[in-house]
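Residue numbers (the working numbering): 16 to 343.
To be clear, the hints were calculated from the coordinates, so they are not data collected in a lab.
Glycine included, each C-beta is placed from N, C-alpha and C at the ideal position.
Take the hints with a grain of salt, since some may be wrong.
What the hints assert, rightly or not - Here are the simulated DSBU-like pairs of lysine-lysine, each with C-alpha atoms no more than 30 angstroms apart in a straight line:
#, residue 1, residue 2
1, 292, 216
2, 300, 81
3, 298, 216
4, 81, 134
5, 288, 298
6, 293, 216
7, 288, 300
8, 216, 81
9, 216, 288
10, 216, 134
Unchecked claim - Here are the simulated distance ranges between beta carbons:
#, residue 1, residue 2, range
11, 318, 211, 25 to 31 angstroms
12, 212, 292, 18 to 24 angstroms
13, 85, 255, 21 to 27 angstroms
14, 242, 212, 17 to 23 angstroms
15, 301, 72, 29 to 35 angstroms
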Amino acid sequence: MDTLSRLAAAGIVSPRDPAAAAGSPPDSDQFAAHLVWCGPAPLMPGRPYVFRLGGLSTGVQVTHIKYRIGPGGGEHLAATRLSAGEAAVVNIALDRPLPFVPFAADPERGAFTMVEGGKDIAVGAIDFALRRADNVHWQALAVDKRSRAALKGQRGCVVWLTGLSGSGKSTLANHVERRLLAEGRHTYLLDGDNVRHGLNKDLGFTDEARVENIRRIAEVAKLFVDAGLIVLTAFISPFRAERRLARDLVEDGEFVEIFVHAPIEECERRDPKGLYKKAREGKIKNFTGFDSPYEVPESPELVLDTAAESPEVLAERIVEELRRRRVV
Numbered sequence: 016m017d018t019l020s021r022l023a024a025a026g027i028v029s030p031r032d033p034a035a036a037a038g039s040p041p042d043s044d045q046f047a048a049h050l051v052w053c054g055p056a057p058l059m060p061g062r063p064y065v066f067r068l069g070g071l072s073t074g075v076q077v078t079h080i081k082y083r084i085g086p087g088g089g090e091h092l093a094a095t096r097l098s099a100g101e102a103a104v105v106n107i108a109l110d111r112p113l114p115f116v117p118f119a120a121d122p123e124r125g126a127f128t129m130v131e132g133g134k135d136i137a138v139g140a141i142d143f144a145l146r147r148a149d150n151v152h153w154q155a156l157a158v159d160k161r162s163r164a165a166l167k168g169q170r171g172c173v174v175w176l177t178g179l180s181g182s183g184k185s186t187l188a189n190h191v192e193r194r195l196l197a198e199g200r201h202t203y204l205l206d207g208d209n210v211r212h213g214l215n216k217d218l219g220f221t222d223e224a225r226v227e228n229i230r231r232i233a234e235v236a237k238l239f240v241d242a243g244l245i246v247l248t249a250f251i252s253p254f255r256a257e258r259r260l261a262r263d264l265v266e267d268g269e270f271v272e273i274f275v276h277a278p279i280e281e282c283e284r285r286d287p288k289g290l291y292k293k294a295r296e297g298k299i300k301n302f303t304g305f306d307s308p309y310e311v312p313e314s315p316e317l318v319l320d321t322a323a324e325s326p327e328v329l330a331e332r333i334v335e336e337l338r339r340r341r342v343v
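Kindly produce the complete structure, drawing on both the sequences and the hints.
Right, here's the structure in full:
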């Protein structure tokens, strides 16, 4: 079934309005749109996908589900995610502006698809550009990240430690930061628990909240790299898509993914915060490794086994990797 047929099957049709297509198509990177979700996994706002409009493509995120469309198209239902076959009105943000024509003006040119892993996971119809997209521009700055990094005698970089709760991410990140500080390096450690006391204090632990948690941290890490810092992050960051987003936000060579591995039995034995005990007792829901998944990195730069080697030894391996990359 083609894109227009899928939209029609979901009741998303619009009378043609030729006046809306007059003139050259404008460019925009934020839209309101009708969307029909077709993917096997739920749609979650903030997760990165690929957007295809005609012969053009770019990265995309659904930034907000305004409402889900009930059966028959008449009812507006609150939603934080979409499952296969569900339709909704959403706001979307592209990685770069694209020329567009509203679906009402030209269904052929106003229809789009979203893709993940080479497969179509959504079809949609552009309603209109969001006006805030027209009023925000990049400001040219006289000092760039290379100048800031050169002043510090290093290269900006993200060292992204991921793994189960209790695997040793924060311990390892602390050891690495102390080593780098002793060498006179400029660093900052973003810790999963600490940021939830401020920046992310409004977020819970549902899958949707975890996606937003990592999206925010990835953006902060990007800013720190722009400042010329070596950024250490210690987050469970359970989903590959969000870790890939964090990598894509910075330049090639500026992201080092480290899988901090320990068997879940060892993590539960350590249980430094008592979280595994609470999860076993049913006092914590959506706990990674129990009732919320952890997606093991497919090709991290380093895999470190904290059950087999000491934090001091593993920290040295990370510092050596940074030296090899000429970060320090």
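(request) Any hints from earlier that this structure breaks? Give me their numbers in increasing order, please. (result) Hints 10 and 13 contradicted; others consistent.
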